[in-house]
Amino acid sequence: MFPFAYEWTWYFGQYLFMGAAGFAISVVGAGLTYCIVKSIIDIMISDDHAEH
Amino acid sequence: MTTSAFPEGVKRCSSGKFILWLLPAFLVLLIAAYAMFRVWFYGLNQTNMNDAYGFAIWIWADLAVIALGGGAFFSGFLAYLVGVKKVKNIINFAVVLGVVCYTSALILLGLDVGQPLRGWFIFWHANIHSMLTEVAFCLTIYLGVLIVEFIPVILENPKIQKIRFFHHLSHNMHEIMAVFAATGVFLSFFHQGSLGGVPGVLYGRPFAFREGLFIWPWTFFLFTWSAAAVGPLFTATMCRLTEFITQKKLVKDDVYELLAKISGWMLLTYIIAKSLDTIYWATVTAPARGFAFMDFYSNNPAYYGVWILIAEIVICGFLPALILITQKGRENKKLLFGAAILAIIGLCINRWVMVLQVLAAPLKPFQEEWFVYSPAWTEVITTIMPIAYGIVLISIAYRYLPLFPQEKELNP
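Quick note, the sequences are listed as chains D and U, same order.
Note that the working numbering has the first sequence beginning at 1, numbered continuously upward.
Note that the working numbering has the second sequence beginning at 53, numbered continuously upward.
Please note that a few of the clues may not be correct.
To be verified - Listed below are the simulated DSS-like cross-link pairs for lysine-lysine, each with C-alpha atoms no more than 30 Å apart in a straight line:
#1 U:K63 - U:K300
#2 U:K304 - U:K416
#3 U:K211 - D:K38
#4 U:K211 - U:K313
#5 U:K301 - D:K38
#6 U:K138 - U:K460
#7 U:K300 - U:K313
#8 U:K301 - U:K63
#9 U:K386 - U:K313
#10 D:K38 - U:K140
#11 U:K416 - U:K300
#12 U:K137 - D:K38
#13 U:K69 - U:K137
#14 D:K38 - U:K214
#15 U:K140 - U:K460
Stated by the list, open to error - Distance ranges between label pairs, derived from CB positions:
#16 U:E420 - D:T9: 17 to 27 Å
#17 U:H226 - D:F23: 17 to 27 Å
#18 U:W73 - D:W8: 44 to 54 Å
#19 D:F23 - U:H177: 13 to 23 Å
#20 U:A57 - D:A30: 48 to 58 Å
#21 U:G390 - D:I43: 15 to 25 Å
#22 D:F23 - U:I324: 31 to 41 Å
#23 U:S67 - D:F23: 39 to 49 Å
#24 D:F23 - U:L184: 36 to 46 Å
Calculated from the structure, these hints are not laboratory results.
The beta-carbon is built from N, C-alpha and C at its ideal position, and this holds for glycine as well.
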């Protein structure tokens, strides 16, 4: 799965497969992170509005 | 009965009645858990698998639920990527159904691996040339995507909505749901396809072997296409069943009709492609390996006769497709759901044929009889398990989450 696992070989097929898997996980992870961070910012903004 | 824990403006049964309804399903889950324990603890001798029949019946259930769960990815594709607004009225239910199907599939795969403690080997020591590795990766990541799609539905529970962070989180997740849906479509295409790609390497089993395009046999595309065609019909049928059980109208008829129309055309194109694939296999692929078409259907006609092929392609393929593409067929709800049930049966037959009937075919010249296989109780109960699990999860989700945006309007 990773270059430090013993069966890893440096060739195109490995890049393609693990690249696609990594891409899918990254998109989902980045999407979730964006939603969580934006929710925190939204709360902070609405708190600021309430104070003013 | 109404409480603040239920979705706004809807009525649900009393807690006692609800628990009573869930009891039989929990009982089945308990027995299934015991059967799984036996298989994991004592080994595969707890099943009726043998040297001829190396797949338990749960593998058929596994492939069937993966295909039927395709309604989640295809409904997501229609709702968020194509922008078909009507589908949004059923998308939450499709996601719950998808979660049920895919968690069941992974549980069954975990059972099939036999040594759950080594389950992580398939990821860590990935053999990227194995289609099953691709299936394991895509299934697992896609289940993650489905859970991500399910989270905002859970967060819409009125009690949870009172917490400001969760209120914002559900709103923000809805905003970028198209990104998650697109990832789900990408992953689904590959794992549905890879399950269908297996016949492309079964050189020693002429009943299954298929040719195709480069490394992809035609079945790669047929599996994806059939899941996309029948998945939404399964979603619609389960929604109708929920309506029948709850005695409430949950979705407007035009939503059913739209799904039926899309699925009908997809089913028709799929079944034409499937027929062409079968004709090519019967006239070119199999004869090239020394087999006539009827060699595969004449040795055990009761179990493996040509009737299976007719049932799959004609009765459960062309017939429902032709009903669903006509407006009169869709407007008559008995016809619509009759056709949907036929299509679902057809899909299950297809996965049965491509997985278990393949194993039954004799491989060696001195073997004449097709193998007959009867599953052990451990296999039967674990195969039924997804149904009980589905009843529990869908019931809880229906009770506490706003699965059907039209429910309040349809049940004033």
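Structure-based check of each hint:
1. U:K63 - U:K300: OK: U:K63 and U:K300 at ~10 Å, within 30 Å.
2. U:K304 - U:K416: violated, 55 Å
3. U:K211 - D:K38: holds, 22 Å
4. U:K211 - U:K313: With Cα atoms ~38 Å apart, U:K211 and U:K313 exceed 30 Å; violated.
5. U:K301 - D:K38: violated, 37 Å
6. U:K138 - U:K460: OK: U:K138 and U:K460 at ~16 Å, within 30 Å.
7. U:K300 - U:K313: Judged against 30 Å, a Cα distance of about 24 Å means the pair holds.
8. U:K301 - U:K63: Holds. U:K301 to U:K63 sits at ~12 Å (cutoff 30 Å).
9. U:K386 - U:K313: With a Cα-Cα distance of about 15 Å, the restraint between U:K386 and U:K313 holds, given a limit of 30 Å.
10. D:K38 - U:K140: It holds: about 24 Å lies between the C-alpha atoms, which stays within 30 Å.
11. U:K416 - U:K300: violated, 56 Å
12. U:K137 - D:K38: holds, 26 Å
13. U:K69 - U:K137: This hinted pair is violated, its Cα atoms lying about 35 Å apart.
14. D:K38 - U:K214: holds, 18 Å
15. U:K140 - U:K460: Cα-Cα ~15 Å, so holds.
16. U:E420 - D:T9: 17 to 27 Å: violated, 45 Å
17. U:H226 - D:F23: 17 to 27 Å: Holds, since U:H226 and D:F23 (Cβ atoms, about 23 Å apart) stay within the stated range.
18. U:W73 - D:W8: 44 to 54 Å: holds, 51 Å
19. D:F23 - U:H177: 13 to 23 Å: holds, 21 Å
20. U:A57 - D:A30: 48 to 58 Å: violated, 33 Å
21. U:G390 - D:I43: 15 to 25 Å: With Cβ atoms ~51 Å apart, the hint is violated.
22. D:F23 - U:I324: 31 to 41 Å: holds, 34 Å
23. U:S67 - D:F23: 39 to 49 Å: holds, 45 Å
24. D:F23 - U:L184: 36 to 46 Å: violated, 21 Å
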